[in-house]
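Visitor: Read off the chains here:
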Amino acid sequence: MLEFKSVSKWFNGVHGRVAALKGISFSVRPGELLAVRGPSGCGKTTLLLTAGGLLRPSDGRIGLDGQDPYALSPEMRSRLRARMIGFVFQQFHLIPYLTVRQNIMTASLAVPLKEASERARQLISRFGLEERAEHVPAKLSTGERQRTALARALLNEPKIILADEPTGNLDEDNAQTVFGYLGQYVSDGGCVLLVTHDARAAAHATRSLQMNNGQLI
Amino acid sequence: MTIWNLLIREILHRKLNFALAVLSVMVASGSLIGSVTLLRIHDIQTGKLLEQKQAELEQRMAQLQDDTRKAMLKLGFNIVILPKDQNLSDWYAEDYASKYMPEDYADRLAKSGVVTVRHLLPSLQQKIEWPERKRKIILVGARGEVPELHKSPVKPLVQPVPPGTISLGYELHRSLGIKVGETVELMGRQFKVQACHKERGNKDDITAWIYLPEAQELLDKPGLINAILALECLCIGEEGLPLIRREIEAKLPNTQVIERGSEAIARAEARIKVEEQARASIRQEKDARENLRAVRERLASILMPVVVTACAVWVAILGFTNVLARREEIGILRAIGVCSRHVIVMFMSRHVLLGVLGGALGFVAGVLAAVYFSAAREGTQIRMADMDLSWAGLLLVSVGGAAALAAIAGWIPTIMAVRQDPADVLGNDN
Numbered sequence: 001m002l003e004f005k006s007v008s009k010w011f012n013g014v015h016g017r018v019a020a021l022k023g024i025s026f027s028v029r030p031g032e033l034l035a036v037r038g039p040s041g042c043g044k045t046t047l048l049l050t051a052g053g054l055l056r057p058s059d060g061r062i063g064l065d066g067q068d069p070y071a072l073s074p075e076m077r078s079r080l081r082a083r084m085i086g087f088v089f090q091q092f093h094l095i096p097y098l099t100v101r102q103n104i105m106t107a108s109l110a111v112p113l114k115e116a117s118e119r120a121r122q123l124i125s126r127f128g129l130e131e132r133a134e135h136v137p138a139k140l141s142t143g144e145r146q147r148t149a150l151a152r153a154l155l156n157e158p159k160i161i162l163a164d165e166p167t168g169n170l171d172e173d174n175a176q177t178v179f180g181y182l183g184q185y186v187s188d189g190g191c192v193l194l195v196t197h198d199a200r201a202a203a204h205a206t207r208s209l210q211m212n213n214g215q216l217i
Numbered sequence: 001m002t003i004w005n006l007l008i009r010e011i012l013h014r015k016l017n018f019a020l021a022v023l024s025v026m027v028a029s030g031s032l033i034g035s036v037t038l039l040r041i042h043d044i045q046t047g048k049l050l051e052q053k054q055a056e057l058e059q060r061m062a063q064l065q066d067d068t069r070k071a072m073l074k075l076g077f078n079i080v081i082l083p084k085d086q087n088l089s090d091w092y093a094e095d096y097a098s099k100y101m102p103e104d105y106a107d108r109l110a111k112s113g114v115v116t117v118r119h120l121l122p123s124l125q126q127k128i129e130w131p132e133r134k135r136k137i138i139l140v141g142a143r144g145e146v147p148e149l150h151k152s153p154v155k156p157l158v159q160p161v162p163p164g165t166i167s168l169g170y171e172l173h174r175s176l177g178i179k180v181g182e183t184v185e186l187m188g189r190q191f192k193v194q195a196c197h198k199e200r201g202n203k204d205d206i207t208a209w210i211y212l213p214e215a216q217e218l219l220d221k222p223g224l225i226n227a228i229l230a231l232e233c234l235c236i237g238e239e240g241l242p243l244i245r246r247e248i249e250a251k252l253p254n255t256q257v258i259e260r261g262s263e264a265i266a267r268a269e270a271r272i273k274v275e276e277q278a279r280a281s282i283r284q285e286k287d288a289r290e291n292l293r294a295v296r297e298r299l300a301s302i303l304m305p306v307v308v309t310a311c312a313v314w315v316a317i318l319g320f321t322n323v324l325a326r327r328e329e330i331g332i333l334r335a336i337g338v339c340s341r342h343v344i345v346m347f348m349s350r351h352v353l354l355g356v357l358g359g360a361l362g363f364v365a366g367v368l369a370a371v372y373f374s375a376a377r378e379g380t381q382i383r384m385a386d387m388d389l390s391w392a393g394l395l396l397v398s399v400g401g402a403a404a405l406a407a408i409a410g411w412i413p414t415i416m417a418v419r420q421d422p423a424d425v426l427g428n429d430n
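Which chain is which? The protein sequence lines are A and B, in order. The first sequence begins at 1 in our numbering and counts up one residue at a time. The second sequence begins at 1 in our numbering and counts up one residue at a time.
No lab work stands behind these hints, which were simulated from the structure alone. Backbone N, C-alpha and C fix where the C-beta goes; we use that ideal spot for every residue, glycine too. Take these hints with a grain of salt, some might be off.
Quick list of the computed label-pair ranges, beta carbon to beta carbon [to be verified]:
#  : chain 1 : residue 1 : chain 2 : residue 2 : range
1  : A       : Ala-203   : B       : Trp-411   : 32 to 38 angstroms
2  : A       : Glu-130   : B       : Val-345   : 31 to 37 angstroms
3  : A       : Pro-39    : B       : His-13    : 36 to 42 angstroms
4  : A       : Ala-203   : B       : Lys-15    : 25 to 31 angstroms
5  : A       : Gly-128   : B       : Arg-341   : 47 to 53 angstroms
6  : A       : Pro-39    : B       : Val-313   : 43 to 49 angstroms
7  : A       : Ser-73    : B       : Leu-39    : 48 to 54 angstroms
8  : A       : Pro-96    : B       : Thr-309   : 29 to 35 angstroms
9  : B       : Leu-395   : A       : Asp-188   : 32 to 38 angstroms
10 : B       : His-13    : A       : Gln-122   : 24 to 30 angstroms
Working from the sequences, and respecting the hints, build out all of it.
Guide: Right, here's the structure in full:
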């Protein structure tokens with residue numbers, strides 16, 4: 001599903017070139033939850049954004065369901081992202097003026113689905129957000145916000161979820177809930193690339209990789 | 001969920017930003033529409049004022065025309081009947097005749113049945129030295145009107161000078177310090193001053209009028225006169241004077257008739273003068289209005305670009321702040337696959353919408369402000385229906401122009417939103 005082949009990424013800073021990823025190679029297959037763990041600043045988020053077609057690698061190749069997203073035009077890459085990838089972030093990135101239902105439905109902006117409304121209803125129900133469906137993010141708890149973000153990521157039935165510290169702001173119970181949903185998604189045939197510094201993630205991952213200083217150890 | 005839903009909800013969420021942008025566009029559009037309306041009201045008001053002045057002038061002229069017609073009818077020609085052998089060059093030079101005719105000519109004429117001549121005033125005039133006052137004067141002997149018994153009685157135009165009295169012209173009584181009621185001596189005879197005339201600016205000012213028989217006696221011309229003044233001679237059209245001449249010369253073969261400057265001519269001249277002044281006043285009013293319009297037009301042509309540019313800059317600044325406030329939103333939308341085209345549509349639609357709203361509100365505000373300003377400042381009472389403007393066209397220009405202005409102002413912020421790298425926002429989580 002997702003394949004990294006000798007992917008490097010460097011940035012030009014005031015002190016010269018800074019390497020964020022150094023010749024990374026790995027793959028994630030359907031039914032797999034791959035946890036990439038490492039300390040802050042080791043390049044985990046860069047890895048995730050590169051995997052999601054949001055940050056072009058400086059070197060190497062990425063394969064997403066057999067396609068190199070960076071070989072596509074920006075428009076086609078957006079479409080590929082909308083169809084195949086669901087993002088979950090530590091900060092949730094919910095749109096503040098939309099309700100839970102509307103935030104979940106934003107995923108249908110890119111890929112209009114006839115059944116988007118019904119699917120949103122199902123996700124709301126599945127994530128236990130019925131009571132909060134018409135509330136804006138400011139009125140939600142952090143757990144509810146992360147569940148809303150997760151529901152949004154799942155609306156288009158993506159083939160892979162890219163999760164960046166999804167439990168970083170959650171308490172133990174909510175973190176367990178999120179891991180539970182991700183585990184269920186994987187058992188349904190999806191695959192997850194999870195980047196985290198949370199040691200608990202390893203317990204829920206089918207495979208775990210350690211990252212340090214832009215390299216997989 | 002559609003882009004439009006998102007658009008409306010975002011506007012409702014960031015009301016202040018949107019309202020300020022709408023207000024700004026409204027100011028630009030309102031200024032433009034207000035200027036156009038104000039200039040139109042000015043034109044209408046100018047037209048009304050000039051029409052009113054023109055109507056007043058015409059009314060005044062009609063009145064004057066009527067007055068003149070009546071005056072002409074009443075006054076007719078004023079003529080002077082002189083002895084036939086009187087040299088007219090001398091008469092014009094001296095203003096009195098050196099030849100004489102019998103006083104009874106006046107009576108003959110009055111009784112002759114000539115209907116064109118009215119108010120006959122026989123007189124004897126001569127320039128003399130007032131010996132007691134060492135002053136050159138014109139002495140006029142007058143006896144009042146000769147009654148015309150065959151006509152219906154008319155009120156005498158000129159009152160006779162009673163015997164033993166004298167009337168003095170302005171220059172005489174002023175320079176000699178003579179007052180009404182005093183007794184003065186003229187050529188050894190005592191006269192009581194009966195009247196001191198006002199200044200006339202002609203030879204009357206050095207004239208003394210006394211009773212005709214007394215003048216004949218003083219001047220040693222018994223039973224003689226040297227002029228008969230005929231006032232208000234009836235006449236019709238250009239043939240009036242020749243007709244009078246023929247009639248008089250038929251009755252008094254030893255006389256000649258000349259026309260005297262008529263008051264009617266002065267009146268006609270006055271009428272022309274008044275008309276010229278009134279027309280000049282209209283021209284002045286028109287020029288003043290045109291100047292005022294030019295000033296307003298110039299002011300609008302200077303202010304409008306400034307206002308429009310300032311509003312566009314302000315809308316652009318608000319657009320930038322909107323983009324900055326929505327960085328996270330744009331980032332996540334791009335991450336979930338919303339393409340740049342959709343982002344452009346989302347931001348540009350917002351600007352077009354605020355432009356349309358601002359343009360429509362500006363149109364209403366501009367028109368109302370112009371009408372109110374005109375009414376308050378100049379007291380105009382002009383309704384929208386009177387303005388003869390294509391309101392639909394103006395509304396279209398206002399809305400279309402405002403939408404274009406807002407779109408232009410919003411273009412750079414939109415491009416900034418599109419070019420924003422989602423990785424910059426989403427990568428800052430840790």
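Visitor: Hints first: check each against the structure and report whether it holds.
Guide: Hints and how they fare:
For A:Ala-203 and B:Trp-411, the Cβ-Cβ distance of about 52 angstroms falls outside the hinted range of 32 to 38 angstroms, so the restraint is violated. Between A:Glu-130 and B:Val-345, the C-beta spacing of about 33 angstroms keeps the proposed range 31 to 37 angstroms intact. Between A:Pro-39 and B:His-13 the beta carbon distance is about 38 angstroms. The supplied range of 36 to 42 angstroms therefore holds. For the pair A:Ala-203 and B:Lys-15, the supplied restraint of 25 to 31 angstroms is violated, since their beta-carbon distance comes to about 47 angstroms.
Look at A:Gly-128 against B:Arg-341: about 36 angstroms separates their beta carbons, and that is not inside 47 to 53 angstroms. For A:Pro-39 and B:Val-313, the Cβ-Cβ distance of about 47 angstroms falls inside the hinted range of 43 to 49 angstroms, so the restraint holds. Distance hint check for A:Ser-73 and B:Leu-39: the Cβ-Cβ separation is about 53 angstroms, which falls inside the suggested range of 48 to 54 angstroms. Our hint of 29 to 35 angstroms for A:Pro-96 and B:Thr-309 holds, since their Cβ atoms are close to 33 angstroms apart.
In this structure the supplied range 32 to 38 angstroms is violated for B:Leu-395 paired with A:Asp-188, their Cβ-Cβ distance being about 57 angstroms. Between B:His-13 and A:Gln-122 the CB atoms are about 27 angstroms apart, so this pair conforms to the stated range of 24 to 30 angstroms.
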